[in-house]
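Participant: Single-letter residue listing:
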Amino acid sequence: MNTLKNLTVLRRFVQLFMFVFLVYGSTVVGFYAADKLSGALPSLSCAYDSMNADYCALIPLQHQFHHRLGPAVDSGDYLKLLLPVGTTIVTFLMMFVLLNKAFCGWVCPLGFFQEVMGLIGQKLGLRQVKSLSHGAVDKVRPIKWLMLGGLVFGLPALTSLGFLSDEWGDPFCQICPSRILTTLFTGSDEQLFVDISTPSYMVLSILGDFLFGLVIAMSMTLRQPFCRICPLLAMHAVFRKMGFVRLVKKGSSRCDKCGLCAEACPMDIKELQTDHNATDKAKDITLPDCTLCGRCVEFCPDKDVLQIRYLNIPVFSATPQYFKRRKKAQTQWEKVKLIGFDHSLAKPVKVK
Amino acid sequence: MSKYLPSLLLFVTTSSVANIYWQPVEQTHSSGHGRQAKQFQLMGEQPEFSSVIEFIHSDLVSAPLDKKNSIVTLKPTGKDSYHALVARQKSDNFQSLAVRYIYNNGRPVSTSPSDLLAVELGGLQIIPSPLPREHWRYESLKTYNFNVILDGAPLADHPLLATTTLGSNKVVHTDDEGRVQLFTPEDFPEIVPLKRATPAAELQMFSAVEKDGVTYEASLTTAYHASETSWKSVSLGAGVALAGIVFGFVINRRLPEHSRRKVK
Ligand code: SF4
Ligand code: SF4
Ligand code: SF4
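Protein chains in written order, with this note's numbering: chain A, 1 to 352; chain B, 1001 to 1264.
These are calculated hints, taken from the structure and not from any lab test. Some hints here could point you the wrong way.
[Unchecked claim] Simulated restraints on C-beta separations:
{"hint": "1", "chain 1": "A", "residue 1": "Tyr78", "chain 2": "B", "residue 2": "Glu1026", "range": "50 to 60 Å"}
{"hint": "2", "chain 1": "B", "residue 1": "Lys1075", "chain 2": "A", "residue 2": "Val9", "range": "53 to 63 Å"}
{"hint": "3", "chain 1": "B", "residue 1": "Gly1152", "chain 2": "A", "residue 2": "Tyr24", "range": "44 to 54 Å"}
{"hint": "4", "chain 1": "B", "residue 1": "Asn1169", "chain 2": "A", "residue 2": "Val9", "range": "50 to 60 Å"}
{"hint": "5", "chain 1": "A", "residue 1": "Leu7", "chain 2": "B", "residue 2": "Val1172", "range": "49 to 59 Å"}
{"hint": "6", "chain 1": "A", "residue 1": "Arg12", "chain 2": "B", "residue 2": "Pro1189", "range": "27 to 37 Å"}
{"hint": "7", "chain 1": "A", "residue 1": "Leu10", "chain 2": "B", "residue 2": "Glu1026", "range": "28 to 38 Å"}
{"hint": "8", "chain 1": "A", "residue 1": "Asp138", "chain 2": "B", "residue 2": "Arg1253", "range": "13 to 23 Å"}
{"hint": "9", "chain 1": "A", "residue 1": "Tyr310", "chain 2": "B", "residue 2": "Glu1186", "range": "49 to 59 Å"}
{"hint": "10", "chain 1": "A", "residue 1": "Val28", "chain 2": "B", "residue 2": "Gly1152", "range": "17 to 27 Å"}
{"hint": "11", "chain 1": "A", "residue 1": "Leu10", "chain 2": "B", "residue 2": "Lys1142", "range": "32 to 42 Å"}
{"hint": "12", "chain 1": "B", "residue 1": "Lys1142", "chain 2": "A", "residue 2": "Val29", "range": "17 to 27 Å"}
The beta carbon of each residue, even a glycine, is placed where N, CA and C say it ideally should be.
Please model the complete structure; the sequences and the hints are all you need to start from.
Facilitator: And the structure:
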C-alpha cells in the first residue's frame, strides 16, 4: 500500500485531472473564448480543441505579432502592439507565478501524454533511455529558444512586416503536437491533415504531422522528448525567478559521487548533480529546463539536500526514508511488463 | 405534433419566403480582422409595416439604427466579439424578427457570446447553439445546432427551412426540446483551395408559427464558407504521422545514453 503513496502517484492524479479538465472543460467553463479561464495559459492546452477549458499563451502572442506589428510600424503607434502583448504577458504571469514551471510537470496535457506514452513504452518492454548523453542534451537545449524566438515571435513578425506570406503568421501552432493530440482526444481528426493549398501550408502541415508521430514514438523510449524543444519551456525559463514554487538545493561533496537526482530527472538536467555542492545555504536550482515535477527530490537519498518550496516554505523535502520507499516502489513498478519487445521491435524477448 | 400551427406556406421556395432577413450588401471578409464599415440589407420587408432596427453590441449595449433604402451601415464599435443585428416588423396579428450575428474586432469585453444569445428578443427566435467560436466560422459539411423558442419557451417538433444562396434547401424539425441540427451542404460550384479564397455564400434559416391568432416569423442568416476538407487531407496527414512514428522508432534505437556517477 505504502508504495503507492508517493509524489509521482499524486502528480499523475493531478495531471489526469488537469488533462480531462483542460481538454474537455468547456462543459464547465463555457464554450466561447471569452469564457475560458485565462486565454494565456502557461501550458500547451490547445485553442483548436473546441471543448477546452483554456488555451495556451502562444496562440495570442503569435496572432498579436502577426496582426499588430505591421500596422504599429506603419502608423508609428506601437501601443497597438504593446497593449495586447502586454495584456497577454500579464495574464500569463498572473497564472504563472502561482505554479511556476509546475505548469509543465503538473498541468500540461502534452507533458502528461508524453509521460503516459513513456509508461506504455516501459510496459511494452521497449528500450528506456534513463539519461540522454550530456553531449546530446547540450545540443538539444538551444532548440527551445529558437522555437520561441523563431516560430512564436520571429516568423509572425516577419509576416506582419510583409517579408513572408500570410501562411507564416502562426507557424508554431501549425506544427504544435498539442493541436493534433487534444483534438484527436475530442474525437475530431480535423487537425491531422496535410494542407495542399499552398507550398508553405503543405510544408508546415507535413512538419506538424511528422513531429506528432515522432513525439508518440520517441516518448516511449526517451522521457519528455517534445518538452526539450518546447517554446513554452523557454518562456517559463525567462520568468522562472518570479514563480512562487522553487526547487532548492543545499548540496554537499557527496552529490559529486551520487547523481541519482540527475538520473531521475526526466529532462536530464545534469547541473542538478554538479551545482551548489559546496554551500551552507539552500540555493534556487530551478533551472531553465526544469518542469518542477519533483522527481529529483523523490530520488535524492540525502536529508533536505533537495526541496520543493512554495514562497520559500518547504513543501516537499528529500529524506532517506522516503527515498528507500520510493526506490522500492519504482523497482516493483518497472518489473511489471505486459509484453517484452526488444529494442528492434521485431523480436519479442522473455522478461524475467 | 406541435400545438402551434406551422406556417408551411413559407417553405415553398427561397424566392417566396415571406420573412424579413439580413443579407450582406457586399461580400464582407469574415476573417474577422477587417475593421471597415459593413453594410447589410433587410430583405423581404412588407411595406405596410415599418421596421425597427437594433444593433446589440457584444457588451449588450443596444443602439437603434436607421436604414437607407433597406440598407444599414455598421461602423466599427471598437468592441470585440459577436454583435447582433436585429430587425422587427410588428402589427396586432403579425411579428417578424430577422437576426444576424456579426463578428467585430476591438477591445475585449467582459461579456461572452452566450450572454448575447441569451438576450430575449421576443416572439419566435432561431438561436445558434452555439455560434462558431470567436475566429471560427460556419462551414459546409459540418453539423450545427440551433434552438427555436417562442416567447422564451422551446418550440418542439417544429419545421424550419434552411436555404443557401447557392440553391440548396432543406426542411429540418426541432426535437422535443426545441433543438434542431443542420448539416451544411457543400454546394460551392468552384472551390479555390485556400482559406478565404472561395467567396462565402449565405446560409438562411426561416421559421414561422401561429399562436392565438398572431403569426410569428423568424429568420437567422449567416455567411458560410467552403469546407477546408477540399484541400486538407486527413488520410495524408495520418500517413505522415505514421511515418513520424516509424522514424521515431528508428531514432529510439540510436539515442546516446549517459551512465550515472561519472560527472563530465
Ligand atoms: S496549437 Fe499549440 S501553440 Fe497553438 S494554441 Fe494549440 S497548444 Fe497553443
Ligand atoms: S515543456 Fe512540455 S510540459 Fe511544458 S508546456 Fe511544453 S509540452 Fe507542456
Ligand atoms: S530538476 Fe527535478 S523537478 Fe526539475 S524536471 Fe528535473 S527532476 Fe523534475
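Participant: Give me the numbers of the hints this structure contradicts, sorted from smallest to largest.
Facilitator: Those not satisfied are hints 1, 3, 6 and 7.
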